[in-house]
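Let the sequences and hints guide you as you build the complete structure.
Residue numbers (the UniProt record's numbering): 1 to 161.
By construction, these hints were calculated from the structure, which means they are not laboratory data. Think of the CB as a built atom: it goes at the ideal place given N, C-alpha and C, for glycine as much as any other residue. You may find that some hints are simply not true.
Derived BS3-like pairs: lysine-lysine, alpha-carbon spacing no greater than 30 Å straight-line [as the list claims (entries may be wrong)]:
| no. | residue 1 | residue 2 |
| --- | --- | --- |
| 1 | K32 | K14 |
| 2 | K14 | K104 |
| 3 | K84 | K14 |
| 4 | K51 | K84 |
| 5 | K32 | K8 |
| 6 | K140 | K20 |
| 7 | K51 | K61 |
| 8 | K22 | K51 |
| 9 | K157 | K51 |
| 10 | K32 | K84 |
Pair by pair, the computed Cβ-Cβ distance ranges are [stated by the list, open to error]:
| no. | residue 1 | residue 2 | range |
| --- | --- | --- | --- |
| 11 | K104 | M2 | 26 to 34 Å |
| 12 | G72 | K20 | 34 to 42 Å |
| 13 | A44 | S88 | 34 to 42 Å |
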Amino acid sequence: MMHHVAIKIIDTRKVTQEYKCKFLPREIHTWKHLRHPNLVALFAVFEEAGKVYLPMELAEKGDLLTFVQQNGAQSESTAQRWMKQLISAIYYMHMHSIAHRDLKLENILLFADNSIKIADFGFCREARNGDLSRTFCGSKSYSAPEILLGQEYLPFKADIW
Numbered sequence: 001m002m003h004h005v006a007i008k009i010i011d012t013r014k015v016t017q018e019y020k021c022k023f024l025p026r027e028i029h030t031w032k033h034l035r036h037p038n039l040v041a042l043f044a045v046f047e048e049a050g051k052v053y054l055p056m057e058l059a060e061k062g063d064l065l066t067f068v069q070q071n072g073a074q075s076e077s078t079a080q081r082w083m084k085q086l087i088s089a090i091y092y093m094h095m096h097s098i099a100h101r102d103l104k105l106e107n108i109l110l111f112a113d114n115s116i117k118i119a120d121f122g123f124c125r126e127a128r129n130g131d132l133s134r135t136f137c138g139s140k141s142y143s144a145p146e147i148l149l150g151q152e153y154l155p156f157k158a159d160i161w
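Listed below in structure tokens is the structure:
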């Protein structure tokens with residue numbers, strides 16, 4: 001049986017040193033250890049000729065932002081189902097001491113069975129309750145107020161925001 005996959009390709013010659021040495025290894029390490037039905041699965045990691053290849057589950061319906069823009073508002077029952085899936089995935093990550101730090105509609109992918117899964121673990125970090133973060137991560141449109149103000153923040157609470 002043939003399976004289709006999506007492949008994230010990172011050209012390590014074209015990214016910042018900080019991304020290459022800090023964020024990319026953290027993303028791969030974290031992603032390899034996360035197993036939840038509402039987190040996009042990473043199948044392998046390949047590196048060749050200055051590029052890193054990350055084959056993962058293919059989201060046949062794309063990201064949630066594009067889907068809603070193209071299809072309009074969804075029913076309350078669909079929204080409830082998606083919220084339960086989202087909360088379950090975030091709870092799993094937090095119980096495993098991982099903060100996502102870039103939750104946004106573009107990083108929530110929609111699959112053929114109409115389930116959603118969180119993707120893009122590039123800004124994830126290990127954290128414990130009470131640990132503060134200083135790094136600005138994510139997108140301004142989705143960021144918690146304390147992040148926008150340049151203040152230290154609690155990454156788990158910022159995920160919930």
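**Prompt:** Are K140 and K20 close enough, with their CA atoms no more than 30 Å apart?
**Reply:** Holds - the C-alpha atoms of K20 and K140 are around 23 Å apart, at most 30 Å.
**Prompt:** Between K14 and K104, does the CA-CA distance stay at or below 30 Å?
**Reply:** 25 Å, holds
**Message:** For K32 and K84, compute the direct alpha-carbon distance and say whether it is at most 30 Å.
**Reply:** 23 Å, holds
**Message:** Holds or violated: K157 and K51, Cα atoms, limit 30 Å.
**Reply:** 34 Å, violated
**Asked** Do the Cβ positions of K104 and M2 conform to the proposed distance bound of 26 to 34 Å?
**Response** 32 Å, holds
**Item:** 30 Å limit on alpha-carbon distance, applied to hinted pair K32 and K14
**Value:** Holds: K32 and K14 sit about 24 Å apart, inside 30 Å.
**Request:** Take a quick look at whether K22 and K51 sit within 30 Å of each other, Cα to Cα.
**Result:** Roughly 16 Å separates the two Cα atoms, so the pair holds.
**Item:** Given pair status - K84, K51, alpha carbons within 30 Å
**Value:** 36 Å, violated
**Prompt:** Is the hinted pair K51 and K61 satisfied, with a Cα-Cα distance of at most 30 Å?
**Reply:** OK: K51 and K61 at ~27 Å, within 30 Å.
**Message:** So if I understand the rule, the pair passes when the alpha-carbon distance is 30 Å or less; does K84 with K14 pass?
**Reply:** Violated, at about 38 Å.
**Item:** Given pair status - K8, K32, alpha carbons within 30 Å
**Value:** 14 Å, holds
**Prompt:** Taking 34 to 42 Å as the hint, is the beta-carbon distance of G72 and K20 inside that range?
**Reply:** With Cβ atoms ~40 Å apart, the hint holds.
The earlier numbered hints that this structure contradicts are 3, 4, 9 and 13.
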